[in-house]
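Colleague: If you read the sequences in order, they're chains A and B. When we follow numbering that gives the first Met the number 0, the leftmost residue of the first sequence carries the number 0, and every step to the right adds one. When we follow numbering that gives the first Met the number 0, the leftmost residue of the second sequence carries the number 0, and every step to the right adds one.
Derived from the structure by calculation, the hints contain no laboratory data. None of these values were measured; they are calculated from a predicted model. Keep in mind that the hints are not guaranteed to be accurate.
Note that the list lumps identical chains together, so a pair holds whenever it fits in one copy or between two copies.
As a list, the in silico DSS-like pairs of lysine-lysine whose alpha-carbon atoms are at most 27 Å apart [as the list claims (entries may be wrong)]: (1) 226 / 296; (2) 20 / 333; (3) 259 / 226; (4) 296 / 20; (5) 182 / 262.
Number of protein chains: 2
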Amino acid sequence: MEELHAVQWHDGKVRILDQTKLPEELVLLEISDYYAVVDAIKSLAVRGAPAIGIAAAFGVVLSVWNADEVDRAAFIESVNKAIEELKSTRPTAKNLFGALERMRKVLSQNLSRPLREIKSALLRTAQSILNEDLENCKKIGEMGAALLPVRANILTHCNAGLLATGGHGTALGIVRTAIEKGKKIKVYVDETRPLLQGARLTTFELLEDGIDVTLITDSMAAFVMQKGLINVVIVGADRIARNGDVANKIGTYGLAVLAKEHKIPFVVAAPLSTFDPDIASGDHIIIEERHPDEVRKIGDRFIAPEDVEVLNPAFDVTPHHLISAIVSERGVIKFPNENALTEWLK
Amino acid sequence: MEELHAVQWHDGKVRILDQTKLPEELVLLEISDYYAVVDAIKSLAVRGAPAIGIAAAFGVVLSVWNADEVDRAAFIESVNKAIEELKSTRPTAKNLFGALERMRKVLSQNLSRPLREIKSALLRTAQSILNEDLENCKKIGEMGAALLPVRANILTHCNAGLLATGGHGTALGIVRTAIEKGKKIKVYVDETRPLLQGARLTTFELLEDGIDVTLITDSMAAFVMQKGLINVVIVGADRIARNGDVANKIGTYGLAVLAKEHKIPFVVAAPLSTFDPDIASGDHIIIEERHPDEVRKIGDRFIAPEDVEVLNPAFDVTPHHLISAIVSERGVIKFPNENALTEWLK
Numbered sequence: 000m001e002e003l004h005a006v007q008w009h010d011g012k013v014r015i016l017d018q019t020k021l022p023e024e025l026v027l028l029e030i031s032d033y034y035a036v037v038d039a040i041k042s043l044a045v046r047g048a049p050a051i052g053i054a055a056a057f058g059v060v061l062s063v064w065n066a067d068e069v070d071r072a073a074f075i076e077s078v079n080k081a082i083e084e085l086k087s088t089r090p091t092a093k094n095l096f097g098a099l100e101r102m103r104k105v106l107s108q109n110l111s112r113p114l115r116e117i118k119s120a121l122l123r124t125a126q127s128i129l130n131e132d133l134e135n136c137k138k139i140g141e142m143g144a145a146l147l148p149v150r151a152n153i154l155t156h157c158n159a160g161l162l163a164t165g166g167h168g169t170a171l172g173i174v175r176t177a178i179e180k181g182k183k184i185k186v187y188v189d190e191t192r193p194l195l196q197g198a199r200l201t202t203f204e205l206l207e208d209g210i211d212v213t214l215i216t217d218s219m220a221a222f223v224m225q226k227g228l229i230n231v232v233i234v235g236a237d238r239i240a241r242n243g244d245v246a247n248k249i250g251t252y253g254l255a256v257l258a259k260e261h262k263i264p265f266v267v268a269a270p271l272s273t274f275d276p277d278i279a280s281g282d283h284i285i286i287e288e289r290h291p292d293e294v295r296k297i298g299d300r301f302i303a304p305e306d307v308e309v310l311n312p313a314f315d316v317t318p319h320h321l322i323s324a325i326v327s328e329r330g331v332i333k334f335p336n337e338n339a340l341t342e343w344l345k
Numbered sequence: 000m001e002e003l004h005a006v007q008w009h010d011g012k013v014r015i016l017d018q019t020k021l022p023e024e025l026v027l028l029e030i031s032d033y034y035a036v037v038d039a040i041k042s043l044a045v046r047g048a049p050a051i052g053i054a055a056a057f058g059v060v061l062s063v064w065n066a067d068e069v070d071r072a073a074f075i076e077s078v079n080k081a082i083e084e085l086k087s088t089r090p091t092a093k094n095l096f097g098a099l100e101r102m103r104k105v106l107s108q109n110l111s112r113p114l115r116e117i118k119s120a121l122l123r124t125a126q127s128i129l130n131e132d133l134e135n136c137k138k139i140g141e142m143g144a145a146l147l148p149v150r151a152n153i154l155t156h157c158n159a160g161l162l163a164t165g166g167h168g169t170a171l172g173i174v175r176t177a178i179e180k181g182k183k184i185k186v187y188v189d190e191t192r193p194l195l196q197g198a199r200l201t202t203f204e205l206l207e208d209g210i211d212v213t214l215i216t217d218s219m220a221a222f223v224m225q226k227g228l229i230n231v232v233i234v235g236a237d238r239i240a241r242n243g244d245v246a247n248k249i250g251t252y253g254l255a256v257l258a259k260e261h262k263i264p265f266v267v268a269a270p271l272s273t274f275d276p277d278i279a280s281g282d283h284i285i286i287e288e289r290h291p292d293e294v295r296k297i298g299d300r301f302i303a304p305e306d307v308e309v310l311n312p313a314f315d316v317t318p319h320h321l322i323s324a325i326v327s328e329r330g331v332i333k334f335p336n337e338n339a340l341t342e343w344l345k
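Bound-form chain A, shown alone (with noise of 0.2 Å):
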């Protein structure tokens, strides 16, 4: 199952395992201009923070891929042209503008060099992204297995698996970690209203790789954590505040109140690129409200009144002080915090 790829550089273009069709259907999208990555990134083709950032860099390289252009203006505009659009496709995420950030500068840094040279440093990059962040969640599956008993029930919520990142996964990355150690793991998944990523995705890329999964919906959790099935609770991260708040998938800060309930340990696994030193709180993250259809809609039959008014963030805030671990590649900050978090991250 390794083998399959949320985001892949393919021959001069970018392929897109569509996630939007999955269990069902396993479609690999080819593309080759970067408003059809743009697409890809709203519509939730490529989802996950990991893999979106990991998107928009190949994203940026496309702008110019095939440009035959002499006019060094022309192309430093394409480029810069396809970074700001593809800021702008989801604004939660911040390894999406890590990722174009880091771009930008490798732009910068080249200017003066012949455009072709331009279009391999900027196709380096974006494939160091991605290697880069295969390599970070392998580490932090090691950080995160090593915290886990010999058998353990996990619960997590929405896809923070290889689906959502460079391969591996954070959450699941740790699950996988702890299985290739010997560990005896059972792992039970939110299937994550409105998109169902956990029903759609976790199920299927645990299943694939034949873990012990078990499907609930959301408003099941507290009743599993009562019953005593969980140990610990893992998920993903969209972003993290310089004080430990995390946004993370809708439902995310529920589990988090639940689990703080239960006394079960609530762990957040994320790649560096996930943190955002910039930004003091959560408060200050922006949560992007998605379209009323998702919540009135499954598929494309309504299962609610069509007028109803519907609230759909796509994300929540979860503060520091329920986050009992953030694993990343650099290790493990319990209880994390901002004068923790301002140390560790120096």
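Since the structure of chain A is provided, determine the placement of chain B on it from the hints.
Modeller: Just chain B, lined up with the frame of chain A:
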């Protein structure tokens, strides 16, 4: 909208509004055989603890309504058989067992009377169960509404409305009465996966009455509380133990924990027919486990791998210490516990 009824007796038949078809289609089932009532309860065409009790009572009437037999033993056998089959439809709602027990008593008290008169007595009793439930909901509405401030944002779960009762509703009865009294009420409703009673039924009946309603996914409840959008949580109940523990739709317990965290009152609205003084605590309430495909599918469409393992408890138990008040037709019991409830139920 109060012309809509979950269950009615009409011209020798039981009319059940098929709630599996709402809100897309308004289908009235005209039922003349008790086993079709059994099916309607099992399939959730009729649901909601009080409405199930009402439907079952009319089901008992149907078991002999069209019988021409003069054999008293066969007649009694038919009634008892229907009672047994109706009893085994669903295990959690107390009202079902209470209504059937009442029908059995009416039978035994009238055993020596002409069969025609026994039929009439059974029908009168079933009709009383319905009428009393409607009256009780109105009293619950009065007493619950008095607890609310002049402006209140209420979060509710599942459907504890007129579709779940003899009319008016329990939790939604409080909403309706508060509005009649001029209070300004906004309702947030969880969609209530897996079977979406909130999205399909609560939104439907509130919109029909022109009541301000906003639909959210179950995973957004913590978010709206965190944002200060909710003043009180009001839910119904399927069974209330002697100590005040409440079995209700899966997801209720999690809401109670979240309400505590946010210092939001958590109110349960239920008629006395939902109370079960024979059960010491929620630990002894049987929780129905339903078919895994209710989670794997929405409508006819699989939204998860078809073979993924699933938990599907239909209810959970909220311990009494999380409950601010229970509102019944007899009054309001604040901070319920065994002593208070025993005294109060005398």
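Colleague: Confirm or reject each hint.
Modeller: Going down the list of hints, with the structure as the test:
1. For the homomeric pair residue 226 and residue 296, the shortest alpha-carbon distance between copies (25 Å) is at most 27 Å, but the shortest distance inside one copy (32 Å) is not.
2. Taking the shortest Cα distances, residue 20 and residue 333 never come within 27 Å of each other, neither inside one copy (37 Å) nor across copies (50 Å).
3. Both within a single protomer and between protomers do residue 259 and residue 226 lie at most 27 Å apart by alpha-carbon distance, with minima of 15 Å and 19 Å respectively.
4. With identical chains, the CA atoms of residue 296 and residue 20 are at most 27 Å apart both within one copy (16 Å) and between copies (15 Å).
5. For the identical chains of this complex, residue 182 and residue 262 are intra-copy neighbours only, at 22 Å inside a copy versus 40 Å across copies, given an alpha-carbon limit of 27 Å.
Going down the numbered hints, you'll see the structure goes against just number 2.
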